[in-house]
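Read off the chains here:
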Amino acid sequence: MTKRIGEIPRQKMPEQSPEDRCKNFDEVPLGYTVELAQREASRCLQCKKPACRQGCPVEIDIPAFIRLIVEGDFVGSAQKLKETNNLPAVCGRVCPQEAQCEKFCILGKRFEPVAIGRLERFAADYERTHGEVNLPEIAVDTGKRVAVVGGGPSGLTLAADLAKMGHRATIFEGLHTPGGVLVYGIPEFRLPKAIVRAEVDFVRRLGVEIEANQVVGKTITVDELLETFDAVYIATGAGAPVFMNIEGENLNGIYSANEYLTRVNLMKAYRFPEMDTPVARSRKAVVIGGGNVAMDSARTARRLGAEVHLVYRRSRVEMPARDEEIHHAEEEGIEFQLLTNPIRYLGNEEGWVTGAECLRMELGQPDASGRRRPVPIEGSEFVIEVDTVIVAIGNQANPLVPASTPGLETNRWGNIVADEETGKTSRDGVFAGGDIVTGAATVIEAMGAAKRAARAIDRFLRGEGKKL
Amino acid sequence: MYPIVKKQRLAPEVLLLEVEASRIARKAEAGQFMILRVDDPGERIPLTLADWDRERGTITLIFQEVGVSTKKLGLLNEGEAISDCVGPLGHASEIGEYGTVVCIGGGVGIAPIYPVARAQRAAGNRVISIIGARNKNLLFWEDKLRAVSDEVLVTTDDGSYRRKGFVTDVLKQLVDGGEQVDIAYAIGPVVMMRAVSHLTMEYGIHTVVSLNPIMMDGTGMCGACRVTVDGETRFACVDGPEFDGHKVDFVGLMKRQQMYLGQEKEARERMGHCRAERDA
Ligand SMILES: Cc1cc2nc3c(=O)[nH]c(=O)nc-3n(C[C@H](O)[C@H](O)[C@H](O)COP(=O)(O)OP(=O)(O)OC[C@H]3O[C@@H](n4cnc5c(N)ncnc54)[C@H](O)[C@@H]3O)c2cc1C
Ligand SMILES: Cc1cc2nc3c(=O)[nH]c(=O)nc-3n(C[C@H](O)[C@H](O)[C@H](O)COP(=O)(O)OP(=O)(O)OC[C@H]3O[C@@H](n4cnc5c(N)ncnc54)[C@H](O)[C@@H]3O)c2cc1C
Ligand code: SF4
Ligand code: SF4
Ligand code: FES
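These protein sequence lines are chains A and B, in that order. Start counting the first sequence at 9; every next residue gets the next number (our numbering). Start counting the second sequence at 2; every next residue gets the next number (our numbering).
Mixed in with the good hints, there may be bad ones.
[To be verified] To give an idea of the chain A side of the interface with chain B (calculated C-beta under 8 Å), a few residues:
| # | residue |
| --- | --- |
| 1 | F33 |
| 2 | V223 |
| 3 | K226 |
| 4 | S264 |
| 5 | E267 |
| 6 | T270 |
| 7 | E358 |
| 8 | G359 |
| 9 | G363 |
[What the hints assert, rightly or not] Here are a few chain B residues that sit away from chain A, every Cβ distance over 12 Å (derived from the structure):
| # | residue |
| --- | --- |
| 10 | E14 |
| 11 | L16 |
| 12 | E79 |
| 13 | R119 |
| 14 | A120 |
| 15 | N136 |
| 16 | V149 |
| 17 | D151 |
| 18 | D158 |
| 19 | D177 |
| 20 | D183 |
| 21 | P190 |
| 22 | V192 |
| 23 | E203 |
| 24 | E265 |
Think of the hints as simulated: they come from the structure by calculation, not from any bench. Each residue gets a CB set at the ideal place from its N, CA and C atoms; glycine is no exception.
Same shape as in the complex, but just chain B (with noise of 0.2 Å):
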């Protein structure tokens, strides 16, 4: 069992967790994920390190409450513990000395960006993070991305907070001005990624996204994650999460998760209904 030593509300749906987990604090690096089971019916789902403190054995997941497993999740509190955790899964982030690197996290995506813009700072890197979200209630983390980045640029898709627009919008800005640009790294849905990507093909920037596919066991036994990258098959779990942006198959990635829908919706309405049974 893995105990909750903190739980924080982020954002109305955004939840952070910080877990006892040691073997894998110690182990953990920028761009990696581990999966975990809520309890003994639960399905095992992936999530982002997105952070963790190897003196103190934790790691810190933060998620969107979408659907059955993320909602059991939240519903967890301190003191409680998660049933399974394992990782650290994935390669990192290829940490390099590329001069200007550019972050971008959208939604939820904030907090995996945040460990890869920490690593490519401390590599020497200049670091630009660009965050956005819907509207002001869904921004988190500003202040820590504030800390680990050498400018931060905000939107929000409504205006609610700092700039109205996508985080395409201001990554075109930026380059337009004049920002010379070596690398960018974009981690949330995949319309965002895949925009990302079409966007910085144009410039010629090469570009890192991080693939979500639906994932098992997340250790190259069962295929589940499956993607198209420049035509060819690969497991995301091993082989990425991190992919050349330029050559993800990303209409094929939208599909594929998309694969259990009905059941998924079947199973929240089943979720709601028995926690209305318990709380009537």
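Bound conformation, chain A alone (with noise of 0.2 Å):
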């Protein structure tokens, strides 16, 4: 190699300018050229000792895939991807890179890293785009069956490991459609649809069994389920809602994010009435929170035609979302409301919303998570008139499957108790990943949990379990 070490920039990725894209419900970030994926991928050092390989909780191959895009092979790198991610096209998609595989490449110590994520987005949609998808080999059937609750990125991983490894698995998923968050929550501009639907498409024919409209706890148990199956993993997410519990929060017009997106996204309410799910029409819209579904939330209400005011009660340093989300929802002109906090919402005769009471905040000492705690400056109401509210300020565990499940431990919080490094839950036989376990986390974490719960089911299995 002649080029000097970081010479070449990191190249960046054509976007569809905020302008357009706040009128429209297509991908924002519009992918690498053939030209720009071999340019950024020629950056890469193919080091020995790959440091990016321990920031991916999947352990993607990175020096290899990256080497295939520079000698032109393309569909080869997404195989390389695929032998051990099987969502590479989501992964490359919405992985907080800058704090997984990036933040450990050795360029980013004096240049920028490499631009991992997006070139593991190019390979995936060059294969996709560019016909066959082939499957990876598949091991000869043991004839052991695994029940998976919960069709999202951690159930899906789980499955398809298993799959590959010759057991069969059925996932049992409570909504009409797979893909969990990917697809009730993140919204189409981030991710497109289509590719979640190609993905899982993929998980399908490498033998997973996909049965929808399964609500394990109501229409089955874990129990029932144990009849029939030789283990179950549990993989149901953290899909409850959190509200405030402030005065006025039942008017109409304030939504929980998970339905205000899942109205959207799933339902596709943005297509209404081509499409039969309502959402509001909105004039002006107040989110609380200031995390990636908060932002995700903002940008939908904007696309919907809506003056956006994001509301959060700590300051810019302290927001949980992705720098690169809050610099596009500022982009596309979502206004910021800092140190704010709604203590009541206002509303009209026919039960509407029409205000949000809030109040100033300053910071304090550091709380239990380290950051300065925000503290209400008295006297400081006043009011933003809104019509709709989305309370975007977390998740917690869905209680169905463990109030349904005898002897299965979950913490204080309802998150199910598993062993970090095999998913094993006090009942024998039961495993458990994903946000389920950890809280909402992120996609890559919930597939990674699933990849070594793949092992050890796979152990199970095999003998070194009891139950052979």
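Taking the hints as your guide, dock the two standalone chains into a single complex.
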């Protein structure tokens, strides 16, 4: 190699302009061209001991897939990715790379890190849009059956991995479509649903069966599953919304982020009345919260034509959302009202919200999370006029499965207690992973937990476990 | 897909569908509901399980054709199928040895009261069913209720059948006549459940109502179904749908049910328009 290290700058990915994109639901970043991808890939130093790999929970061989891009073997690159990651087109888009693989990239010490996520997206997209997606090798059928509860990234990954190991996996999904947060939470403009569908199809082609409309705990219980399956993996996510329990919160026009995003993403309310599910037609919306879910809600409301204010009780530096998302939201004209917290909602005769009464806050001493605690400033009440409020202050575990599974241990937040390395729970033959164990986290961590659990379940099924 | 094995018109705007859904049928209990999506563009709507047959693996749904989803559902015929059915959802009714149980069904609420009456009777209670509708044509399942009740009292708002008046009038007469009622169930339009609850409050009769707020997932994931009960927010789909009628904020519920009034009207008009075009 003749080029100097760090000579080529990190390649930007073209994206839709803020003026255009806040009027449509099309994807914002447009993807690398072949040329841009190869130029970016050429920045990778092909480290002998690649530091980047320790930041990837699904253990992708990063230099190897990047080298194949340099060599022009894009389909080969995608296959390399799929050796360890069943959903690369998703991860390339939604992984918080700056906190994972790219954080450890050696180039990042003096220059900017290699854009690993963008390259991953490029290779996966190339394979999908250029004909046949090849299947990896599948081990000889063991005849063992595993029930997977929940078809989000964790459940899909676990089922796919077990299928490759020769086991028969069946996913039981409560909604009418698998994908979890990937289909109902993360908006179309960040993760097109056609891509999720393609990745789910890939998992199906590995031999995984997906049964939709099965609410475990209602339609069928974990104990009933154990009658016909050799093991059960619970990956039900952190799907229950948190409200603030303040006055007026049940007024019309006030949504949990879950409801708002599900209406728009899963049910496609942005195409009402062509699609049957409605969503509020907002003039002025307030989003409460400062995380990724709040950004997604705000940007969604903006695309539906609203003037959007984001109300967050701490300051900008404490915002848990990714910088890139905050930046995108600002570009799209979302107004940030920082150090502000709603205390009650005002409504009209018909029961519609008309205003959010807020308090200004200042930062006090650090709290348990290490962030400075917001303290209300007395007498600072003011009212923001609104017709829509989206509460995006967090999600918690849904109790349906634990409540219907005797002996399944949970912690005080309702999360299932499971061993970090194996996913083992307090019940024999029952494993768990993803957000239901960790609380709301990331796609890639949910997938990483599934990878580890898949190995443990494989050992269990092959006889190291008690049951055989 | 969930095939329709039987379709029957019970009243001008009320239809019965028997649908193959063996997993739901196997678990169904009185008081529970299911959620369906008619087709791919369809929204998710909840309907109470009016009956089920565990052997045949079918469930029975009875619904009023009020808007786009229920009208679309009504257009399906035997042999055709519903895209998605999920359930059973919500808690089952609390069936116990109460003594005398009054089961009140108003309008299309006659359907969901039937399994409750049947289960309460099977538990050894004396069951008095009171059913009412606007007029004679809108009544159905009187015979089925007779088979599971010790007594059935029927009323119509306009007096076109049996007595004239509301179900509350019948209940009042019954109690004033000296009947010792230990618990009342009321299912029907919100105004009716509210009226029953007001009345039974005066008499000190514990009353259970089944709430029907707008829902989406039906599993506690979205909070669309928030209702206020005893001053607290509850999710009707997982905490209910049955609640203590004396503690429900019915006015709040009625307001929340109106949330999409504008869009619903628009969707109905659009549907009418599309059908007119198709038929032309
Ligand atoms: C709006 C939003 C944006 C996000 N953005 C990002 C991002 O950009 N990057 C990132 O890394 N992470 C993001 N996250 C977090 C990420 O989506 C989650 O950490 C991840 O999806 C967790 O995966 P999971 O498989 O554990 O659970 P989920 O994705 O929640 O999937 C759980 C599945 O289980 C099903 N289920 C639940 N209960 C039952 C039951 N009783 N029976 C049957 N099925 C059931 C659910 O319907 C669902 O399909 C975001 C989250 C949200 C809400
Ligand atoms: C637990 C429960 C059980 C129910 N059981 C029955 C039943 O057995 N038979 C029956 O006829 N009806 C029942 N309903 C009401 C039924 O769900 C609505 O009539 C139906 O959703 C109307 O949809 P639509 O598109 O036809 O009408 P629309 O024109 O959309 O709406 C008419 C009215 O129905 C209500 N509604 C609309 N969408 C929903 C929704 N997604 N969820 C709940 N309500 C909605 C609204 O209050 C609205 O004003 C039940 C509702 C609940 C919550
Ligand atoms: S899966 Fe995520 S963490 Fe792993 S290499 Fe790809 S972008 Fe990085
Ligand atoms: S650490 Fe950076 S430069 Fe080294 S192999 Fe990984 S991506 Fe390439
Ligand atoms: S319908 Fe979504 S929580 Fe009840």
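- Which of the listed hints are broken here? Of the numbered hints given earlier, those the structure breaks are 1, 9, 24, listed in rising order.
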